[in-house]
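The primary structure of each chain is shown beneath.
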Amino acid sequence: MNGGTNGMLEIRNLHVAVDGKPILNGIDLTVGAGEVHAIMGPNGSGKSTLAYVLAGRPGYEVTAGSVLYDGRDLLAMSPEERARNGVFLAFQYPVEIPGVGTTSFLKSAVNAVRRHRGLPEFDAMEFLKLVREKRGLLKIEDEMLRRSLNVGFSGGEKKRNEILQMALLEPRLAVLDETDSGLDIDALRIVADGINALRGPERAMLLITHYQRLLDYVQPDRVHVLAGGRISRSGGKDLALQLEKDGYAEVAA
Amino acid sequence: MAVSTDTAQSIRSSAGERYKYGFVTDIESETAPRGLDEDTVRFISAKKNEPAWLLDWRLKAYRTWTAMREPGWAKVAYPPIDYQDAYYYSAPKSKPSPKSLDEIDPELLRTYAKLGIPIREQEALAGIAVDAVFDSVSVATTFRAKLAEVGVIFCSISEAVQKHPELVRKYLGSVVPYSDNFFATLNSAVFTDGSFVYVPEGVRCPMELSTYFRINAAQTGQFERTLIIADRGSHVSYLEGCTAPMRDENQLHAAVVELVAFDDAEIKYSTVQNWYPGDENGKGGIYNFVTKRGACRGRNSCISWTQVETGSAITWKYPSCILQGENSVGKFYSIAIVNNRQQADTGTKMIHIGKNTRSTIVSKGISAGRAQNTYRGLVRILPGAANARNHTQCDSLLIGDRCGAHTIPYIETRNRSARVEHEATTSKIGDDQLFYCRQRGLSAEDSLSLIVNGFCKQVLQELPMEFAVEAQKLVGISLEGSVG
Numbered sequence: 004m005n006g007g008t009n010g011m012l013e014i015r016n017l018h019v020a021v022d023g024k025p026i027l028n029g030i031d032l033t034v035g036a037g038e039v040h041a042i043m044g045p046n047g048s049g050k051s052t053l054a055y056v057l058a059g060r061p062g063y064e065v066t067a068g069s070v071l072y073d074g075r076d077l078l079a080m081s082p083e084e085r086a087r088n089g090v091f092l093a094f095q096y097p098v099e100i101p102g103v104g105t106t107s108f109l110k111s112a113v114n115a116v117r118r119h120r121g122l123p124e125f126d127a128m129e130f131l132k133l134v135r136e137k138r139g140l141l142k143i144e145d146e147m148l149r150r151s152l153n154v155g156f157s158g159g160e161k162k163r164n165e166i167l168q169m170a171l172l173e174p175r176l177a178v179l180d181e182t183d184s185g186l187d188i189d190a191l192r193i194v195a196d197g198i199n200a201l202r203g204p205e206r207a208m209l210l211i212t213h214y215q216r217l218l219d220y221v222q223p224d225r226v227h228v229l230a231g232g233r234i235s236r237s238g239g240k241d242l243a244l245q246l247e248k249d250g251y252a253e254v255a256a
Numbered sequence: 400m401a402v403s404t405d406t407a408q409s410i411r412s413s414a415g416e417r418y419k420y421g422f423v424t425d426i427e428s429e430t431a432p433r434g435l436d437e438d439t440v441r442f443i444s445a446k447k448n449e450p451a452w453l454l455d456w457r458l459k460a461y462r463t464w465t466a467m468r469e470p471g472w473a474k475v476a477y478p479p480i481d482y483q484d485a486y487y488y489s490a491p492k493s494k495p496s497p498k499s500l501d502e503i504d505p506e507l508l509r510t511y512a513k514l515g516i517p518i519r520e521q522e523a524l525a526g527i528a529v530d531a532v533f534d535s536v537s538v539a540t541t542f543r544a545k546l547a548e549v550g551v552i553f554c555s556i557s558e559a560v561q562k563h564p565e566l567v568r569k570y571l572g573s574v575v576p577y578s579d580n581f582f583a584t585l586n587s588a589v590f591t592d593g594s595f596v597y598v599p600e601g602v603r604c605p606m607e608l609s610t611y612f613r614i615n616a617a618q619t620g621q622f623e624r625t626l627i628i629a630d631r632g633s634h635v636s637y638l639e640g641c642t643a644p645m646r647d648e649n650q651l652h653a654a655v656v657e658l659v660a661f662d663d664a665e666i667k668y669s670t671v672q673n674w675y676p677g678d679e680n681g682k683g684g685i686y687n688f689v690t691k692r693g694a695c696r697g698r699n700s701c702i703s704w705t706q707v708e709t710g711s712a713i714t715w716k717y718p719s720c721i722l723q724g725e726n727s728v729g730k731f732y733s734i735a736i737v738n739n740r741q742q743a744d745t746g747t748k749m750i751h752i753g754k755n756t757r758s759t760i761v762s763k764g765i766s767a768g769r770a771q772n773t774y775r776g777l778v779r780i781l782p783g784a785a786n787a788r789n790h791t792q793c794d795s796l797l798i799g800d801r802c803g804a805h806t807i808p809y810i811e812t813r814n815r816s817a818r819v820e821h822e823a824t825t826s827k828i829g830d831d832q833l834f835y836c837r838q839r840g841l842s843a844e845d846s847l848s849l850i851v852n853g854f855c856k857q858v859l860q861e862l863p864m865e866f867a868v869e870a871q872k873l874v875g876i877s878l879e880g881s882v883g
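So the sequence lines, in the order shown, correspond to chains B and Y.
Going by my numbering, the first sequence opens with residue 4, and the numbers climb by one from there.
Going by my numbering, the second sequence opens with residue 400, and the numbers climb by one from there.
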C-alpha cells in the first residue's frame, strides 16, 4: 500500500516496546530512493519511537518485524554503522555537549563517515571550506560554529545546525523528527529551504511532523497517519490538508 | 612491594645480606641491602658524595620518620606497606632489559601507537637499551647550553648539590620541611634524584623545561625530589611526567616537589601522570603518594599547578600554594580520571597569608568502572589576608553506576573581608549525548572520549600546547572499555 516493493527502506510488521510497554504495533512502510514521505500523527502515536528505532537508539526493543535498508538488516547494525552507511536522524531535541566546539564535532562526524567510505579525512582548512559551502541558505555564522555544540543555541539555531549536519554528512536516508517544532515562520522557511536543497534522486526522506505547516514548504510524495502505533491511513499530500482541516480524531479513526 | 620473591632471593645471593657485609664504607656496591635504617641513609648520601649538612638533614628526617605513622585519613584503601621489605638505592631490575619491541607487551605498544609516540621514544619508554644513534644526552646538552646563556640552571638535584650547594642548602626543605608528613619525611631521608631549576632575576625561561627530557624522566626513581626557584621577575614553565604508561619496578612512589617564587615571579608546573594503574582488578598498580607545594614568597608572585592524573592504582596528592606575598596568586587546575579499581584522593591547599591574595581551583573528576575519586581541598584564610579571594569549582562526572565521586572541601576563614566561593556539580554521562554522537558516525569510545574531553576542556587548555594534544588522547585511552 506504500508504493514500490523495492524500496530503499522496507519496514515490515514492526513491533516495538519501551520498558515492556508496546508503542509500535505493526508498522508497514516502504520508501524508495528519491521519495519524501511525511509521517503525521497525534502526540503519543509513536512517531518519535519510529525515528529512534530506525536510528538504533538503545532502550527500544523490537519485539517483532523487520527493517531492511538497501536490502540489509538495519536492526542488526549499531547506531554508528547505520550513520556511516547513510542513515541520518535530525533530532527533535538536539543534545548539548559542553566544551566540544561545534566545528570540531562536525569535523569528527564527517571524518568518521569518510573513513568508513575509504576517503581521505579533511584537515581543518579543508573542512572549514566545506562548511562555508554547505551552510548556504541556512544563515549559520562562524560565531555560532565556534560555540560548544548546541550549548546556548536558540531553538532555531539548533534546528538549522541539524540541517547543516545533514548537508555535510550527505545521508541516503534522512529521518527528520519534528524539525519544524518550536520554529517561527522565518526560521521554518530557512529550515524548509535547507531540506528542499537536499532533495535528490538518490536520497529518501522521512518527515515526522505534528502539523501540516512544514508540508506547505516541503512537498511530500506520500503522507501517512500514525495512530495507536500503526499506520492508519496513507495518501498523497492532500491527506495532510484534510488532517489540518478535520483533525486527527476524524481522519485517523 | 613490587619486587618479586625471585628478585629478592637473587639479590640476597648476589649483594649479600645486610649484616653479613658491612656496607657503610662499601660504596663500591651498587645496591643498598634491603630495608631501611640509618646505615641505608648514610649509604645513599655517601654514594652521592654529599656534604655533611645534607647527610645530617637526611638523618634528622629518618629519625623523625621512625616516630611517624602513615596517614589514614584519605579515602583510599590498600594493604599495609612493609617499608623494610624494599630497596632504597639502585634496586635492580627484576627482569633483564628487553632487547627489542618484539619483547614488549603488545597492549603497551598499542597504547604507544594510539598516543602517536615515535618508535625511538617507545623503545626508551619500554626500557629497551637505546642504541648510539639515538642520543638523548646530546639533545639535552644542546638545550642546556641555551639555558646557560640566560643563566638558567637546570640539572639533576644530585648535580646541584655538587655544583650549587649554597642554593640547595638555602631552599631544600624550605617549603616542605623534612618533618612535614610521613611520605615527605621518608622522601627527605632517602631521595635519590630529581630536578633542580633556578631562574635568575628578570629572566623569562626561553623554553618549556623538561619537554625534551621526557625519556630521561622514565629513569627517575621512586623517591624523586624536585626544587624550582624563580627569582624576582622571572618566569618558568615546567612539565613533568609523560602520557605514555611507563614500565616501573617500584610500587611505592613518594615524590616531593618544592617551588619558590619571589616578587613578580611566575612558576607554571604541569604534570601528566600515567603510572601503571594495575590490572582491571587493581592488582599490581603504583601507589603515588606525592607532596607538592609552592611558596609565593614575593609580592605579585604566581604559582599554578596543572595536573592530569590518569594512572596509578592509588593517587594521594595535594599540590598546594602558600600565598605569602601581597597580591600573590595561586592556581590549581586538575583532571583526575579513575577507571576499574583505581582510587584517587587529590586536591589542593590554598593558604592565604598576605593581603589581596587570590586563588582559583578548578577540579574535574571522572570516575568509571568501580573506581573511587575524591576531591579534597583546603582554602585557609589567615587573619592578615585582607581581601583574599578564592573561587573553587569541582565538577564530577560518573560513567556507569558502580563508581564513586566525593567532594570534600575544607574552608577556614579568619578574615572578614575575605570572599570564598565553592561550586560543585556531579553529573552522569548522558545516554542521550552518547547516542547523539554515535548517530553522527562516531564509535561509542570516540563519543565518550569527545564528551569527557569537553568536560575537561577548562583544564586542558591550561596545558602547554603539545602536552594538551597528548593529554586529550590520553583521556580517551584511560576510559577504554567503560562503555559498551
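I should point out that these hints are in silico values taken from the structure, not numbers from a laboratory.
One thing to keep in mind: the hints can contain errors.
Said to hold, decoys possible - In silico DMTMM-like links for lysine to aspartate or glutamate, alpha-carbon gap of 25 Å or less:
| hint | chain 1 | residue 1 | chain 2 | residue 2 |
| --- | --- | --- | --- | --- |
| 1 | Y | Lys748 | B | Glu144 |
| 2 | Y | Lys827 | B | Glu99 |
| 3 | Y | Lys872 | B | Asp219 |
| 4 | Y | Lys856 | B | Asp145 |
| 5 | Y | Lys459 | Y | Glu600 |
| 6 | Y | Lys872 | B | Glu64 |
| 7 | Y | Lys562 | B | Asp219 |
| 8 | Y | Lys827 | B | Glu64 |
| 9 | B | Lys24 | Y | Asp831 |
| 10 | Y | Lys730 | Y | Glu558 |
| 11 | Y | Lys748 | Y | Glu469 |
| 12 | Y | Lys446 | Y | Glu600 |
| 13 | B | Lys132 | B | Glu146 |
| 14 | Y | Lys856 | Y | Asp830 |
| 15 | Y | Lys474 | Y | Asp592 |
| 16 | B | Lys161 | Y | Asp830 |
| 17 | Y | Lys872 | B | Glu129 |
| 18 | Y | Lys474 | Y | Glu679 |
| 19 | Y | Lys856 | B | Glu64 |
| 20 | Y | Lys569 | Y | Asp630 |
| 21 | Y | Lys754 | Y | Glu811 |
Structure-based check of each hint:
no. : hint                : verdict
1   : Y/Lys748 x B/Glu144 : violated (43 Å)
2   : Y/Lys827 x B/Glu99  : holds (14 Å)
3   : Y/Lys872 x B/Asp219 : violated (47 Å)
4   : Y/Lys856 x B/Asp145 : holds (20 Å)
5   : Y/Lys459 x Y/Glu600 : violated (33 Å)
6   : Y/Lys872 x B/Glu64  : violated (34 Å)
7   : Y/Lys562 x B/Asp219 : violated (84 Å)
8   : Y/Lys827 x B/Glu64  : holds (24 Å)
9   : B/Lys24 x Y/Asp831  : holds (20 Å)
10  : Y/Lys730 x Y/Glu558 : violated (30 Å)
11  : Y/Lys748 x Y/Glu469 : holds (20 Å)
12  : Y/Lys446 x Y/Glu600 : violated (34 Å)
13  : B/Lys132 x B/Glu146 : holds (15 Å)
14  : Y/Lys856 x Y/Asp830 : holds (20 Å)
15  : Y/Lys474 x Y/Asp592 : violated (29 Å)
16  : B/Lys161 x Y/Asp830 : holds (19 Å)
17  : Y/Lys872 x B/Glu129 : holds (23 Å)
18  : Y/Lys474 x Y/Glu679 : holds (20 Å)
19  : Y/Lys856 x B/Glu64  : violated (36 Å)
20  : Y/Lys569 x Y/Asp630 : holds (13 Å)
21  : Y/Lys754 x Y/Glu811 : holds (16 Å)
In summary, the structure is inconsistent with hints 1, 3, 5, 6, 7, 10, 12, 15 and 19 from the numbered list given earlier, while agreeing with the others.
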